[in-house]
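Protein chains: 4
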Amino acid sequence: MIAGMWTRDELLVQPTVHFSYRWQIQFQDIDAAGIVFFARILGACHEAYMRFWLSQGKALREALAHKEWATPLVHAEGDFLRPMRFGDEVDVQLVGLHATERKLYAGYRIVQASDQQPTAVAQTVHVYVSLKDFVRVSLPQEALPVLQPFYTSVGEGT
Amino acid sequence: MIAGMWTRDELLVQPTVHFSYRWQIQFQDIDAAGIVFFARILGACHEAYMRFWLSQGKALREALAHKEWATPLVHAEGDFLRPMRFGDEVDVQLVGLHATERKLYAGYRIVQASDQQPTAVAQTVHVYVSLKDFVRVSLPQEALPVLQPFYTSVGEGT
Amino acid sequence: MIAGMWTRDELLVQPTVHFSYRWQIQFQDIDAAGIVFFARILGACHEAYMRFWLSQGKALREALAHKEWATPLVHAEGDFLRPMRFGDEVDVQLVGLHATERKLYAGYRIVQASDQQPTAVAQTVHVYVSLKDFVRVSLPQEALPVLQPFYTSVGEGT
Amino acid sequence: MIAGMWTRDELLVQPTVHFSYRWQIQFQDIDAAGIVFFARILGACHEAYMRFWLSQGKALREALAHKEWATPLVHAEGDFLRPMRFGDEVDVQLVGLHATERKLYAGYRIVQASDQQPTAVAQTVHVYVSLKDFVRVSLPQEALPVLQPFYTSVGEGT
Chain A
1 MIAGMWTRDE LLVQPTVHFS YRWQIQFQDI DAAGIVFFAR ILGACHEAYM
51 RFWLSQGKAL REALAHKEWA TPLVHAEGDF LRPMRFGDEV DVQLVGLHAT
101 ERKLYAGYRI VQASDQQPTA VAQTVHVYVS LKDFVRVSLP QEALPVLQPF
151 YTSVGEGT
Chain B
1 MIAGMWTRDE LLVQPTVHFS YRWQIQFQDI DAAGIVFFAR ILGACHEAYM
51 RFWLSQGKAL REALAHKEWA TPLVHAEGDF LRPMRFGDEV DVQLVGLHAT
101 ERKLYAGYRI VQASDQQPTA VAQTVHVYVS LKDFVRVSLP QEALPVLQPF
151 YTSVGEGT
Chain C
1 MIAGMWTRDE LLVQPTVHFS YRWQIQFQDI DAAGIVFFAR ILGACHEAYM
51 RFWLSQGKAL REALAHKEWA TPLVHAEGDF LRPMRFGDEV DVQLVGLHAT
101 ERKLYAGYRI VQASDQQPTA VAQTVHVYVS LKDFVRVSLP QEALPVLQPF
151 YTSVGEGT
Chain D
1 MIAGMWTRDE LLVQPTVHFS YRWQIQFQDI DAAGIVFFAR ILGACHEAYM
51 RFWLSQGKAL REALAHKEWA TPLVHAEGDF LRPMRFGDEV DVQLVGLHAT
101 ERKLYAGYRI VQASDQQPTA VAQTVHVYVS LKDFVRVSLP QEALPVLQPF
151 YTSVGEGT
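Chains as they are written, first to last, in our numbering: chain A, 1 to 158; chain B, 1 to 158; chain C, 1 to 158; chain D, 1 to 158.
If you are wondering where the hints come from, they were derived from the structure by calculation, not from laboratory data. Only a predicted model underlies this, so the values are computations on that prediction, with no experimental measurement involved. Any given hint might turn out to be false.
Said to hold, decoys possible - EDC-like cross-link-like pairs, simulated, lysine to aspartate or glutamate; straight-line CA separation at most 20 Å:
| # | chain 1 | residue 1 | chain 2 | residue 2 |
| --- | --- | --- | --- | --- |
| 1 | B | Lys67 | D | Asp88 |
| 2 | D | Lys132 | C | Asp88 |
| 3 | D | Lys58 | B | Glu62 |
| 4 | A | Lys58 | C | Asp115 |
| 5 | B | Lys132 | B | Glu142 |
| 6 | A | Lys67 | D | Asp88 |
| 7 | B | Lys67 | C | Glu68 |
| 8 | B | Lys132 | A | Asp88 |
| 9 | B | Lys103 | B | Asp91 |
| 10 | D | Lys58 | B | Asp115 |
| 11 | C | Lys132 | B | Glu62 |
| 12 | B | Lys67 | C | Asp133 |
| 13 | B | Lys58 | D | Asp88 |
| 14 | C | Lys132 | D | Glu68 |
| 15 | C | Lys132 | B | Glu68 |
| 16 | D | Lys132 | A | Glu68 |
| 17 | D | Lys67 | A | Glu62 |
| 18 | B | Lys67 | C | Glu62 |
| 19 | A | Lys67 | C | Asp88 |
| 20 | A | Lys132 | A | Asp88 |
| 21 | B | Lys132 | C | Glu68 |
| 22 | D | Lys67 | A | Asp133 |
| 23 | A | Lys58 | C | Asp88 |
| 24 | B | Lys58 | D | Asp115 |
| 25 | A | Lys67 | D | Glu62 |
| 26 | A | Lys67 | D | Asp133 |
| 27 | B | Lys132 | C | Glu62 |
| 28 | D | Lys58 | B | Glu68 |
| 29 | C | Lys67 | A | Asp88 |
Okay, chain A solo, but in the shape it has when bound:
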């Protein structure tokens, strides 16, 4: 597997929360074992990434609407620490963001709203593509104002 940026323990203790939203576990989030389906958890983490983008202006939204560029995932991974159930309230936190010229790394932590106990950590690795042909490109100019604070030029092969 492609390596992520962070260990599980690092995500558990990351002090900075770049973005957070409250997720009340819904009826349809539950699976046949009575807990939140794991893929739904990863989707909820990705939602923190997307809500972060939406909170930062129209760059990504317009890039998608005009079929210019996107940031598809090449890798995702998550650890599920405690079951979540219908009606539970959790905070989905974007706790890491790291952009290079060719890739974008995002780290997440989900904690119970009541006592801040972690229920899951996750991370996603994204690349930049042109939506004309879905070919990989370098960090799009329009994404720079949002990603600048998280950018390092330290090179990487692919």
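Add chains B, C and D to chain A, keeping to what the hints say.
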């Protein structure tokens, strides 16, 4: 993150397919970038695991129906190699299965039906829990007939 | 089809909003035509019904957790008036609630947050069942404190 | 609500099945009450409509890929007759299809694979839109080869 069992390259070349089903990409599998949403891909892989169980008799189904035991995930990861689009047909393959007394590892590969080119690989790590209290237990007796061929007693800490 | 309680026009002008929540359209809510998938819209309406219940105390949540009773749907319908897209913000409103001894009717309206223009209306018809055997029962005693304000004893056949 | 084409009883007895596929109820199709979530049922019905299109050649698929036209829903409704559970196998049947110059009506029935007992019926009403501007258009020329057998020119207002 918790380590999986296989590297990406190992999953790409695993010769044995324990179970496979055809997935025609549906309208609602697509996201705002026009490709299959990544969490949907991981959900489709997990579906190969569940379809495998269902193909092996009623053990898991009855365990869930009677609230006896389940095999929730503690870890999942995936690499997304090529975009999949509405109407594409792919084969979702369970290419690895490894059971110990405390954990269950499943490996997956998705290939285009037309040319067998891989579009994704993934793996999930499961534990066994009692559904009475969601506490971890050893490999349930009723699961053994299904998991026996994939079982090794080689110990592991947790 | 089973008749609902309201006409489309009635739902459009219902003055009372019993419960409302803000829905920011997410990446995975979108389908291959680039708009919110219709079933996701109906799921979002049902979420208003469930969030209403959750806002009223633990009755439904405990009934589900202890496998006592539930309010499954026997009918649902919706009209989709305007497309919704990634990043749009809408208010999902529970605008009608009507309980009888044997059924529960819920009406919904979704409006754009910016200008309150309606994008969809919907309604669901529920029955009460015991979760022991999924057999229909009369309005559960524990549900009465929540449903009392919306209750009429006016009879109906089934 | 906009009227559908069929009554519940008509859908229950429609003799012709235009398209059918087997749906094995999956782990994530289940909700917090332990049965298939209603919106998932409507999504599964719509999938019969889409699989029908895909079985008829590339017309719809290319229309979507090239952003030419689509057939979004303006209305959907369903009746849920029996609960479906994890591992159940059902046949999702497209039992009605009716095209006019301005609208497209599709009717569905879901039956248990084992005994053909119906578990749900549903119907959807679609319009034709140009994907350039999402404005309603008449039945697209490229759709005619597929829809011709189901077409009547009998007019309707909108």
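Quick rundown of the hints versus the structure:
no. : hint                   : result
1   : B:Lys67 with D:Asp88   : 17 Å, holds
2   : D:Lys132 with C:Asp88  : 19 Å, holds
3   : D:Lys58 with B:Glu62   : 42 Å, violated
4   : A:Lys58 with C:Asp115  : 19 Å, holds
5   : B:Lys132 with B:Glu142 : 16 Å, holds
6   : A:Lys67 with D:Asp88   : 40 Å, violated
7   : B:Lys67 with C:Glu68   : 15 Å, holds
8   : B:Lys132 with A:Asp88  : 19 Å, holds
9   : B:Lys103 with B:Asp91  : 26 Å, violated
10  : D:Lys58 with B:Asp115  : 19 Å, holds
11  : C:Lys132 with B:Glu62  : 16 Å, holds
12  : B:Lys67 with C:Asp133  : 15 Å, holds
13  : B:Lys58 with D:Asp88   : 11 Å, holds
14  : C:Lys132 with D:Glu68  : 51 Å, violated
15  : C:Lys132 with B:Glu68  : 16 Å, holds
16  : D:Lys132 with A:Glu68  : 16 Å, holds
17  : D:Lys67 with A:Glu62   : 17 Å, holds
18  : B:Lys67 with C:Glu62   : 17 Å, holds
19  : A:Lys67 with C:Asp88   : 17 Å, holds
20  : A:Lys132 with A:Asp88  : 41 Å, violated
21  : B:Lys132 with C:Glu68  : 16 Å, holds
22  : D:Lys67 with A:Asp133  : 15 Å, holds
23  : A:Lys58 with C:Asp88   : 11 Å, holds
24  : B:Lys58 with D:Asp115  : 19 Å, holds
25  : A:Lys67 with D:Glu62   : 17 Å, holds
26  : A:Lys67 with D:Asp133  : 15 Å, holds
27  : B:Lys132 with C:Glu62  : 16 Å, holds
28  : D:Lys58 with B:Glu68   : 47 Å, violated
29  : C:Lys67 with A:Asp88   : 17 Å, holds
When each numbered hint is compared with the structure, violations occur for hints 3, 6, 9, 14, 20 and 28.
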